[in-house]
Amino acid sequence: NAGVTQTPKFQVLKTGQSMTLQCAQDMNHEYMSWYRQDPGMGLRLIHYSVGAGITDQGEVPNGYNVSRSTTEDFPLRLLSAAPSQTSVYFCASSCLRDRYGYTFGSGTRLTVV
Amino acid sequence: AQTVTQSQPEMSVQEAETVTLSCTYDTSENNYYLFWYKQPPSRQMILVIRQEAYKQQNATENRFSVNFQKAAKSFSLKISDSQLGDTAMYFCAFIRGTSYGKLTFGQGTILTVHP
Chain A
23 NAGVTQTPKF QVLKTGQSMT LQCAQDMNHE YMSWYRQDPG MGLRLIHYSV GAGITDQGEV
83 PNGYNVSRST TEDFPLRLLS AAPSQTSVYF CASSCLRDRY GYTFGSGTRL TVV
Chain B
114 AQTVTQSQPE MSVQEAETVT LSCTYDTSEN NYYLFWYKQP PSRQMILVIR QEAYKQQNAT
174 ENRFSVNFQK AAKSFSLKIS DSQLGDTAMY FCAFIRGTSY GKLTFGQGTI LTVHP
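Chains as they are written, first to last, in my numbering: chain A, 23 to 135; chain B, 114 to 228.
Worth flagging that the hints you see were computed from the coordinates, not collected in a lab.
Heads up, some of the hints might be wrong.
What the hints assert, rightly or not - SDA-like, lysine to any residue: derived pairs with alpha carbons at most 25 Å apart:
id, chain 1, residue 1, chain 2, residue 2
1, B, Lys215, A, Val135
2, B, Lys191, B, Arg176
3, B, Lys183, B, Tyr213
4, B, Lys215, A, Leu101
5, B, Lys215, B, Glu130
6, B, Lys186, A, Gly123
7, B, Lys168, B, Gly210
8, A, Lys36, A, Asn50
9, B, Lys215, A, Arg119
10, B, Lys191, B, Tyr146
11, B, Lys215, B, Ile162
12, B, Lys183, A, Gly75
13, B, Lys215, A, Thr37
14, B, Lys191, A, Thr125
15, B, Lys168, B, Asn143
16, B, Lys215, A, Ser89
Stated by the list, open to error - Here are some, though not all, of the chain B residues that point toward chain A, as calculated from beta-carbon distances under 7 Å:
id, residue
17, Tyr146
18, Gln157
19, Met158
20, Phe204
21, Arg209
22, Tyr213
23, Gly214
24, Lys215
25, Phe218
26, Gly219
27, Gln220
28, Gly221
Said to hold, decoys possible - Covered stretches of chain A, going by a simulated chain B footprint (3 or more residues, C-beta under 8 Å):
id, region
29, 47-57
30, 61-75
31, 95-104
Keep in mind it's a predicted model, so treat the numbers as computed, not measured.
Every residue gets a Cβ at the ideal spot worked out from N, C-alpha and C, and that includes glycine.
Just need the whole structure built from these sequences, with the hints factored in.
Laid out in structure tokens, this is it:
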């Protein structure tokens, strides 16, 4: 099925560990974004990309890295996990023809202990 | 910077009744879009309705409609004939017309529909 696929769905990390959250879309969408969802704060933008090779920071980028080597993939890297990064992470994509029609992945629940 | 405020952390309604969720936003832009997203317990983000700021007519989607007051910067969601499946977290979101992939979300409102 066409859409945005996020893996893993759940993850527990120890403080200081690194990991990559995967996001892939098969709709040839130009725009991709990462958000984190925390109680009482809604979703906040971490990083976004307007095309392969182009990324930029959002509202809360510290502690996260991204790259966009292909149109399909937009991985989010946690360099050294901290308990403050415990959250639910969403990847979203949209296309130039309907740039405001976002498709969201099903999310990754990350716990850092 | 744009801000979106949902002042109702929780709301409840009886099945078949009508409920209105509030959202206000702050922007100096003239070209923007507003959205309501539904997030059921499955965690999936589902677009409920969207409104282009340049359109004066309020958007409607079946039982869902909005009251868009541009001057007051208000964007409320009305759910008519509430159903048990409407129980979810609802997020109001904003994006500038020149931004791509940069949604700004409100804090969310948990809606519970009681039988």
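Quick rundown of the hints versus the structure:
| no. | hint | in the structure |
| --- | --- | --- |
| 1 | B:Lys215 to A:Val135 | violated, 30 Å |
| 2 | B:Lys191 to B:Arg176 | holds, 8 Å |
| 3 | B:Lys183 to B:Tyr213 | holds, 22 Å |
| 4 | B:Lys215 to A:Leu101 | holds, 23 Å |
| 5 | B:Lys215 to B:Glu130 | violated, 34 Å |
| 6 | B:Lys186 to A:Gly123 | holds, 22 Å |
| 7 | B:Lys168 to B:Gly210 | holds, 13 Å |
| 8 | A:Lys36 to A:Asn50 | violated, 35 Å |
| 9 | B:Lys215 to A:Arg119 | holds, 16 Å |
| 10 | B:Lys191 to B:Tyr146 | holds, 18 Å |
| 11 | B:Lys215 to B:Ile162 | holds, 18 Å |
| 12 | B:Lys183 to A:Gly75 | violated, 37 Å |
| 13 | B:Lys215 to A:Thr37 | violated, 29 Å |
| 14 | B:Lys191 to A:Thr125 | holds, 23 Å |
| 15 | B:Lys168 to B:Asn143 | holds, 11 Å |
| 16 | B:Lys215 to A:Ser89 | holds, 17 Å |
| 17 | Tyr146 | holds, 5 Å |
| 18 | Gln157 | holds, 6 Å |
| 19 | Met158 | holds, 4 Å |
| 20 | Phe204 | holds, 6 Å |
| 21 | Arg209 | violated, 10 Å |
| 22 | Tyr213 | holds, 5 Å |
| 23 | Gly214 | holds, 4 Å |
| 24 | Lys215 | holds, 6 Å |
| 25 | Phe218 | holds, 4 Å |
| 26 | Gly219 | holds, 5 Å |
| 27 | Gln220 | holds, 5 Å |
| 28 | Gly221 | holds, 5 Å |
| 29 | 47-57 | holds (count 5) |
| 30 | 61-75 | holds (count 9) |
| 31 | 95-104 | violated (count 0) |
This entry does not satisfy hints 1, 5, 8, 12, 13, 21 and 31, going by the numbered hints stated previously.
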